[in-house]
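Which chain is which? The protein sequence lines are A and B, in order. At position 400 of the first sequence (counting the first as 1) the number is 400 in our numbering, and the numbers step up by one without a gap. At position 31 of the second sequence (counting the first as 1) the number is 31 in our numbering, and the numbers step up by one without a gap.
No lab work stands behind these hints: they were computed from the structure. Please note that the accuracy of each hint is not assured.
Straight line, CA to CA, 25 angstroms or less: simulated DSS-like cross-link-like pairs of lysine-lysine [unchecked claim]:
| hint | chain 1 | residue 1 | chain 2 | residue 2 |
| --- | --- | --- | --- | --- |
| 1 | A | Lys223 | A | Lys213 |
| 2 | B | Lys155 | A | Lys191 |
| 3 | B | Lys87 | A | Lys191 |
| 4 | B | Lys94 | B | Lys34 |
| 5 | B | Lys34 | A | Lys191 |
| 6 | B | Lys241 | A | Lys191 |
A few chain B residues facing chain A, derived, Cβ under 8 angstroms [what the hints assert, rightly or not]:
| hint | residue |
| --- | --- |
| 7 | Lys83 |
| 8 | Tyr85 |
| 9 | Gly118 |
| 10 | Gly152 |
| 11 | Lys155 |
| 12 | Glu188 |
| 13 | Trp192 |
| 14 | Arg215 |
No residue lacks a Cβ here, since even glycine has one placed at the ideal position from N, Cα and C.
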Amino acid sequence: MKRIALVLVAVSCQESQVQEQSKIVFTDVQTTIAPTVCGSETPISIIEVNGTGLALFDFDNDDDLDLFVVNASNNPCRLYENVGEDSIAFIDVTEQLGIHIQRWATGVAVGDINGDGFEDLYITCHGPNALLLNHGGEIFEEVAEKAGVADVGWGTSARFGDLDGDGDMDLYVCNYLEFDFENPPAIAVYKGQAVLGGPHGMTPELDVVFENKGDGIFRDATKAWGFDSEPAFTLNAAILDFTGDGLQDVFVGNDSMANHLFINTGETPTRFENRAVQTGSATNGDGAMQATMGIAVADVNNNGRPDIFTTNFSSDTNTLLLNDASGFFDDRTKRYGLGLLSRTLLGWTCGFHDFDLDGDEDLFIVNGHVYPNATMETMDSNRSQPVLLMERTSTRFEQVPILGEYRDRAAVFGDLDNDGDIDVIIAQRSGDIRVVRNDSQHPPPLTIALESSCLGAKLDVLYKDGSRATRWITDGFGFQSSSLSNRLVLAKPVASLEVTWPDGKKQMYTHLPNAGIFTIH
Amino acid sequence: MYANTHPNSIFKPLICLVILVFLGCEGTVSEQVKLHSSLKRHHVLIQEGNSGSARVRLIQFMELNGETSHPLFLMGLSYHSEKKYAKAAEWFTKSTVAFEDPFPLAWHYLGWSQLYLGAIEGSQISFEHYLRTNPDEPDSLFALGLLAMESGDLKKAEAIFNTVVRLAVTNNAIRAKALARWADTLTECNDWEASLPKYKEAIEINPDLYEAWFRYAKVLQRLGRAEEADKALVEFEHARKRVRPDLYLQTRFPE
Chain A
1 MKRIALVLVA VSCQESQVQE QSKIVFTDVQ TTIAPTVCGS ETPISIIEVN
51 GTGLALFDFD NDDDLDLFVV NASNNPCRLY ENVGEDSIAF IDVTEQLGIH
101 IQRWATGVAV GDINGDGFED LYITCHGPNA LLLNHGGEIF EEVAEKAGVA
151 DVGWGTSARF GDLDGDGDMD LYVCNYLEFD FENPPAIAVY KGQAVLGGPH
201 GMTPELDVVF ENKGDGIFRD ATKAWGFDSE PAFTLNAAIL DFTGDGLQDV
251 FVGNDSMANH LFINTGETPT RFENRAVQTG SATNGDGAMQ ATMGIAVADV
301 NNNGRPDIFT TNFSSDTNTL LLNDASGFFD DRTKRYGLGL LSRTLLGWTC
351 GFHDFDLDGD EDLFIVNGHV YPNATMETMD SNRSQPVLLM ERTSTRFEQV
401 PILGEYRDRA AVFGDLDNDG DIDVIIAQRS GDIRVVRNDS QHPPPLTIAL
451 ESSCLGAKLD VLYKDGSRAT RWITDGFGFQ SSSLSNRLVL AKPVASLEVT
501 WPDGKKQMYT HLPNAGIFTI H
Chain B
1 MYANTHPNSI FKPLICLVIL VFLGCEGTVS EQVKLHSSLK RHHVLIQEGN
51 SGSARVRLIQ FMELNGETSH PLFLMGLSYH SEKKYAKAAE WFTKSTVAFE
101 DPFPLAWHYL GWSQLYLGAI EGSQISFEHY LRTNPDEPDS LFALGLLAME
151 SGDLKKAEAI FNTVVRLAVT NNAIRAKALA RWADTLTECN DWEASLPKYK
201 EAIEINPDLY EAWFRYAKVL QRLGRAEEAD KALVEFEHAR KRVRPDLYLQ
251 TRFPE
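Let the hints inform the model, and build the full structure from the sequences given.
So this is what it looks like as structure tokens:
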């Protein structure tokens, strides 16, 4: 095992001038998970550059997190069961579970589409997408055609969420662009270098939204619900209540085009309107359309609203948009120290998690350039890049250096070894999958376990020290990836906890234990 | 202004030409800088966008005359003009360490290259180094204001932009961008009303400042002045098309 991060971070303390150590410690773990495949080792066209996704979820309801690995270029997707008990170990159960997905697959979404308590998988592809129905954690059945969700665009990310508020999981499918293997785009130029062509100059594809009819059948609701306004080079999306009205909205991350924010109007029949420009979420604060790959959501400024962080292209910065209570998003990237240091990086999956269990959420970003000929000399950015780990301090984020440079794309986050902290699995584009165990030292935390599938649920926490936090149950919004766990770890003793379920109903809990698992039915 | 006076220099101050070097990393401030007359053609090539040709000639020049600060600076400038900041920083750094032949402007450009590479500490040091020899140079001060914003010190940033506005009385380009970034420090604190006149003044001075048009529009939206905001967004689009037509090309990623 290789220790990849144990670093000193100077934290200035106005009163005591004490310097503290960063508490975040990650360790690489050896596993037998096979590398991902997405075309050739050196990509020769745009179809190969995005890599493939991961999903972390509990397919057999045995209270540990299992791993699904997407593979492209006609290599089989794989399901690995977590068999590690209190350690981390996976075994390949793909064939045993009846999974035979062998296409140009790209991404994966996790959600329980039929309410049977077992999470199902939706796999995006270039060509027909797949829906794997999970029968009791014992066998998966491919039912996309029958369910009406075998969309044939170039799917990237996909999300489940209850968009119409009827209690079941609808589906948002991100589509990128029209790509013909027989007629790939011409070479383009970037910083004077010949590079893979696209996405500009190619035809964007419209995203597709499917309404879950509740009987195993989905209906294409793209037009009926108002999602048909503008095709874009979509790479990612996040379903959550961004406006605080109890209805699920959709933030859509587009490549080199303005992002979309589809607000749920609450009308009957269901209707969404793209209000990204009006709310300030279409671009960064200078009006620049960015190349949004990763999306992470957290309540960074503690006002109870989900703020949006996006990763972007190199020679640009990542962007933090704070969601204020009046319906506007403000670019506060610089103020939180998240801007300039990302200029040499091309970011993909990112996630806010409390890695050091100090009560606030840190930020983990994986990076890697799309162009195989990217170097600092030619493009101010290398092909292989380090992970960017940003530890939250009282008012900002501070970088915690992590060793190693990779061609990362996907990442999933969750407690793999049931020790209460968040571990990470990272996938390179056509490369090794790294399992990174969180070895940070911390007192035993309190784990909130929600018993039912509850994507979109909101948890408002009042700690005994008087501080507050808001967290959401999401699939993490990873690039082409999903991390779904109904568990949430809280580092500090809790005075009260209010859960707002996706249907708007609220439940209040007091007298919670300081540590262990607290189950909410 | 920066004539080489070192007794052993190959440059002869008397034959130095005054060449206008643009410090236009974020804007278009200019300063008169003296480069050796033999380097005039090299500089013009860079200005005309023929950086590769300029580099070939600069390398030939250095093979004959040695690696002194002026050609090293122009090597850096050739990459800087192509937005290849890592290479630019490499050559600017070489220029700054040519101790027998100092050319302080290299520090300024090194600062901008480092800023674009996200090397915040290095950038700060470079700008401060340049300001030691030229304390009232507004563009380096402006950059320090940006770095203060990046470090979350909005009070310091506001004070710096205030100083830049005061110093750049006759330089509209830098005055405008400093006013706009000063307004940004106010919007960071949600002081929308106070930011509005500063944005307005900035775009009146320089209507090409498209980012300021956008931020002006956002503040107007905030204040419920939707019609004015829409007009400002239209001006933003027009200004951006004028200044950055490259963003509308169909075969490149935006920068």
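Evaluated hints:
| no. | hint | verdict |
| --- | --- | --- |
| 1 | Lys223(A) / Lys213(A) | holds, 16 angstroms |
| 2 | Lys155(B) / Lys191(A) | violated, 36 angstroms |
| 3 | Lys87(B) / Lys191(A) | holds, 12 angstroms |
| 4 | Lys94(B) / Lys34(B) | holds, 19 angstroms |
| 5 | Lys34(B) / Lys191(A) | violated, 30 angstroms |
| 6 | Lys241(B) / Lys191(A) | holds, 20 angstroms |
| 7 | Lys83 | holds, 6 angstroms |
| 8 | Tyr85 | holds, 5 angstroms |
| 9 | Gly118 | holds, 4 angstroms |
| 10 | Gly152 | holds, 5 angstroms |
| 11 | Lys155 | violated, 12 angstroms |
| 12 | Glu188 | holds, 6 angstroms |
| 13 | Trp192 | violated, 10 angstroms |
| 14 | Arg215 | holds, 7 angstroms |
The structure does not agree with the numbered hints 2, 5, 11 and 13 stated previously, though it agrees with the rest.
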